[in-house]
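K.L.:
Work out the full structure, taking the sequences as your base and the hints as a guide.
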Amino acid sequence: MRAIPLSFAAVLSVAVGLGGVLWSAARAQSTQGDTPAPATSQSSGRLSQSDIARMLPATDMGAGDFRKDNPHLHQADEGPATPFDAAPIPHNPLAPQADPVGARTCIACHSLENVRASHSLHVQSFRAGAANSGPQAACESCHGPGSEHAKNPALAGSIIAFTHGAAADVHTQTAVCLGCHAGGARQHWLGSVHEARGLSCSDCHNPMARLSPEGVLAKPSINEVCATCHKDIMVKFHRRSHMPLPEGQMACTDCHNPHGTLTRPLLKTDTVNETCYTCHAEKRGPFLFEHAPVRESCLNCHDPHGSNQQTLLVAPLPMLCQQCHTMTRHPNDLQVPTNLGRGPNPDERLMGRACLTCHTNIHGSNNPSGSRFHK
Amino acid sequence: MRTIRPMSCAIVLALLAGAPLAHASDGSDTMRVGDMQYGNGLDPRGWSPLMTPDADGMSWLHPGMLRTPSGALYPYPYTLAGKPLGQGGDWTYWGLLQLGYIHLGGDSDAEFFRQYTDWKNGAVLGLWAMGFDNRATGGYVEFRGSRISGDDQYYRVRAGRYGHYKFQAFYRDIPHTVSTNAFPIWQGIGGGDLTLPAGLTPGGSTIAAVQQASDAAPRRTIALTRTRSGLSLEGQLYRDWIGFASITNEERDGTRLWGGPMFFNFAFPGTGSPFGGNGGVLETVRPIDFTTTDVNLGLRRVGKVWHFNALYNGSFFRDHKSTLDYQNPFLITNVIGVPNAGPVVDGEYSLEPDNDYHNLRLELSRQLKWRGELSLAAAYGTMRQDDALLPPVNCTGTLGFAAGPFQQLIPCELWNTPAALSRTHANARIDTQLFDAKITFHPGRNFGWHADLRYYNEDNKTDYLAYNPLTGQYGYISENGSQGSVVPGEVGIFDNGYYATSNVQVANVPFGYRDTLLELGADWNVGTSDALSLVYTFDHNQPRHRERTRLDEQRIKLSWVSRSLGDATVRASFEYGDRDGGAYNHDPYEAYYSASLPGYTPADGIAPTAFTVDAMRKYDMSDRKETKARVILIYPLADSSTVSATFYGSRDRYDARIGRQDTRSTGFTGEWDWQPAPHTNASVYIGAETTRLKLANVADNEAIVGAPGSEDPSFGGPLYPFENYWHDLDRERDYNAGITFAHDFGRVKLDLAWNYTQSLSQLDYDYASPGALTHPEAAPLLDGSFPDNHYRSSTFDASLSFPITASVGVRLFGRYQSGSFLDWHYLGFDDTLVYDHRIYTDRGPQMHYRAALVGAMLSIRL
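Which chain is which? The protein sequence lines are B and E, in order. Number 352 in the numbering used here belongs to position 352 of the first sequence; there are no gaps in the numbering. Number 192 in the numbering used here belongs to position 192 of the second sequence; there are no gaps in the numbering.
If you are wondering where the hints come from, they were derived from the structure by calculation, not from laboratory data. There may be inaccurate statements among the hints.
Said to hold, decoys possible - No farther apart than 30 Å at their CA atoms in a straight line, the calculated lysine-lysine pairs in the DSS-like style are these: (1) B:K283 / E:K557; (2) E:K438 / E:K625; (3) E:K438 / E:K321; (4) E:K628 / E:K557; (5) E:K369 / E:K321; (6) E:K749 / E:K120; (7) E:K304 / E:K369; (8) B:K283 / E:K694; (9) B:K283 / E:K83.
To be verified - Interface residues of chain E toward chain B, partial, derived using beta-carbon atoms under 7 Å: (10) N355; (11) W370; (12) N697; (13) N701.
Since the model is a prediction, treat every value here as computed from it, not as a measurement. From the three backbone atoms N, C-alpha and C, an ideal C-beta is built for every residue, glycine too.
P.N.:
Here is the structure:
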């Protein structure tokens, strides 16, 4: 017990120490930032609205011309327009009069965004779409028609933004994504818990840069994305028994579909058990003799997110079993420390794996003599 | 063990489904279970070496990074520019090869150090990642692979053409170490036939000999490896129709700790005989030798109005070692005091049978006006197995005893043959049906409602009667014949003769249930920054062959999402549930016991002993009141950091005098993320949680079993007296903390990470009188608590990366992990694994360990 304050004192000490290091680093960085840097690296100064208006081409036509003479700038695609031209340009309710202006107009200012987005599967898809015809609307396929934004870039809501503080509401944002990504894995998005909690697609995904191996995620891995809100679940995976998420062998989305499913915990299958059976197919059976709570739900005995008991159990053995088993004779005795290995009355009902040492086939037995899971 | 070829069938199906693929716009990965993550202990992300933030950041127009709508910072984008492949072509590529060497030190065999990572000294492939893109056609090929050892590696290739099709193939080995501290005495570990070593006499060894064998047993690791491979293909078949087909195969190979019952030992402690007491409790080791093949097929149509989804999942499990035979070292004697007819030598387990599973789901949804949607789904599933059944025992000769009125002989030849079974195969089957209908409307931007009706039925069609046509007897041979070799009348058999008073299970119980759930919900947008929702759920469950035939639960959930508290996003919810149901029958299993058969004769005219106490309420069947609350906060702090926190709690109160009574959980996590510039980021998190679980039980008065009063199930009656009442209170406290820091100094990049977990659990007990104990005389030694269990793990990672040339770099890294552990289940096991007629195999996880790993990697940008 005394280890708690000690350990937390250690944590605090390290945190404070590291805070000092970070503060020093931040100051050093700040100092470093004061020194002149090459022009192409200066990204810290905010542009004024007049700066932007002066830089922006009046129309899409010729928007990238100035780049041709500068080998250091990314060359705007001169090919036939957008790639995924079948993608509709969404209506922006906050700029109903806006018209599309074309990707090259956007890139005139958002050139670095264009570079970053080029690394993401999402924009690569637009670039290399099947139909190479139609308006050059790659950016506007998601952000809506850009003419109002081009006229007044600082006007909130002039395009559909997907980031914090965006004027576009979450419904408008998700409607844009579902314009192409409806159905399939997102068949049950509407009414799902994440939809109901006002999450936008861009809370978990960032199609503007390649930040993850796949899935155009908002963080480098699926588990880190989920931990943004569900850190309490993620830390349970550091307990004594856990599934191999911290070791990189599994992701939350192995079991859950965050886009909505037919179950409240967003499981991919019809029931909890069917999800578990996908990896633990041996427990599917059916067995000659079934154990009622096992067949009903694995969660009756296991916490799949982590436990300090063996094999993800929700309570220590034999107490886990004694919550239900009062049957006459051996199940209902109170087990106490004198029944442990070092006690005067060692008792197999408490030691080691307790009940499971004898009732080992607890998930079900296929043995004609296995009605009590002994066989 | 039927021979089918699911893999070949699936490949044919997959090819048939995939052959005409033309266009695709979307992936179905999050519809299928498993294989969403490829990483390992060296790099859980499977991507980290490629995470080199570009100094230019994301935009020329603003500094720093933008945030998610909820307020979390996006990471700075990474340097991933492709290089031209050849000259004048449309292909570009990028790649990274990281090779190196790791060296282990300290207690590298510690279970918690290598639970899911097969660390070994030697060369490792940190990451090999390559990508090829064709900007003109949208063609792409990507590969990632990593190898720590032959049991811990992955390789995955994805290829396709954007908008056309996608192909994936993978191979991976996933290790799982269960124990590194096992000392099984048997020979043949890993197989299905465990035999005793020389020096032990099956069914007749002295305790000293067993102790000697245990002491001499070599240390073993109990572990398994999952070797998975898979193929998938997805693409647009015709216009809006998209199809996918995938097949995965898993070979699971290794061992697990297992059991071996030869009747109780606690009731028969040694009395000074060199052969010890009686019974036998054996912790054995079983083989794992599974093959599971999964086939997924999907077809969907995504139109502007209609969305259709058809999914098929077939899973075929095969157990290549479906039995475990083991030898018993202990001498088993009867309580009458006469010699047994023969020693109890052999025990046997049926391991998991092969099984086939099919599930077909059809989903259809239609967009409606008022931003509405009608969604219908129906699924049918079936899981089946028809393995050959083992005979009730695998003994030979005759077991049991004969003395006076106790003519309790078990002729093995009448029970060790399939002819002793009512049928030779299991013919087990469970069918499931699911139907879900949901309608949603948002007539205005500020108001919406939905209704959902879900029906699920699980129908167990298995029907097995335990009847031996050779003897005309019902029931089974309990615990390999050991119970019948000890106690008169307790073989497990019922007949109209000697065993006419025996009340034993004679048929399987086909558990199942039907669940109907109705949900009604409404949501309001209060202004532009706040949203409230209210959901009412009525869950009507009809279990079959359980203590209740009806369970009804009503839940109401109120949620609030706010973006009006400055820049913060708050998501809060409160939920209350109330479950009750029909009358509780503490013994719904009478029909499956021999007392229900003709000819059953109560011993001495006394009804069968009560099955259980009538006050027991199993926690999945009891009345329950549940309260849950959760608040999730994400708060942007200045331009470059984020504070996030979660507060949560739950309370469950069960209306049970006997059984689970109460569970509580309260917790908090807090995190601070900081990324002031592309070359610097840091994070700190802490978390704490407390949980408790309270249960109560009552020890029966075994002195009256078989006597008048033993048929009385009432709490407070002669069999379950109040004075034998007891309860346990399990309390647990968990603490977590972690720090990460990364900074690129230009010439060198430093990465530091520390992760800490500590769990403490206390189990307290109380009892009305020493009558609750097996050994009342021990009461003066008790203080109401078990020794505190704890689990602590601290992992510190550090690495230094520096370039040698523009494309070659070196990474030096190290990990130091320490931990401590105490679980009272294993107390004393370091001293001995033999306790009279009990022999254990696993000493349990190491109580203290310190393990270190150092390594060097050469990174080559390809």
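K.L.:
Against each hint, give a clear statement of whether it holds in the structure.
P.N.:
Right, here's what the structure says about each hint:
A distance of roughly 34 Å separates the Cα atoms of B:K283 and E:K557; the hinted pair therefore is violated under the 30 Å criterion. Distance check on the hinted pair: E:K438 and E:K625 sit about 27 Å apart at the alpha-carbon level, within 30 Å; holds. With a CA separation close to 45 Å, the supplied pair E:K438 and E:K321 exceeds the 30 Å bound. Distance check on the hinted pair: E:K628 and E:K557 sit about 9 Å apart at the alpha-carbon level, within 30 Å; holds.
A C-alpha spacing of about 58 Å is found between E:K369 and E:K321, which places the hinted pair above 30 Å, so the restraint is violated. As the CA atoms of E:K749 and E:K120 are separated by approximately 26 Å, the hinted pair is consistent with the 30 Å bound. Taking the CA atoms of E:K304 and E:K369, the gap is near 13 Å; set against the 30 Å cutoff, the hint holds. This hinted pair checks out: B:K283 and E:K694 have alpha carbons roughly 29 Å apart, not beyond 30 Å.
Of the supplied pair hints, the one linking B:K283 and E:K83 is violated, its CA atoms being roughly 49 Å apart against a limit of 30 Å. A hinted interface residue such as E:N355 counts as satisfied when its beta carbon comes closer than 7 Å to some beta carbon of chain B; here the least separation is about 5 Å, so the hint holds. Using the Cβ-Cβ criterion of 7 Å, the hint placing E:W370 at the interface with chain B is not satisfied: the shortest such distance is roughly 13 Å. At about 5 Å, the closest approach between the beta carbon of E:N697 and any beta carbon in chain B falls short of 7 Å, and the interface hint on this residue holds.
At its closest, the beta carbon of E:N701 sits 10 Å from a beta carbon of chain B; the interface hint therefore is violated under the 7 Å criterion.
Violation of the numbered hints given earlier is confined to hints 1, 3, 5, 9, 11 and 13; the remaining hints are satisfied by the structure.
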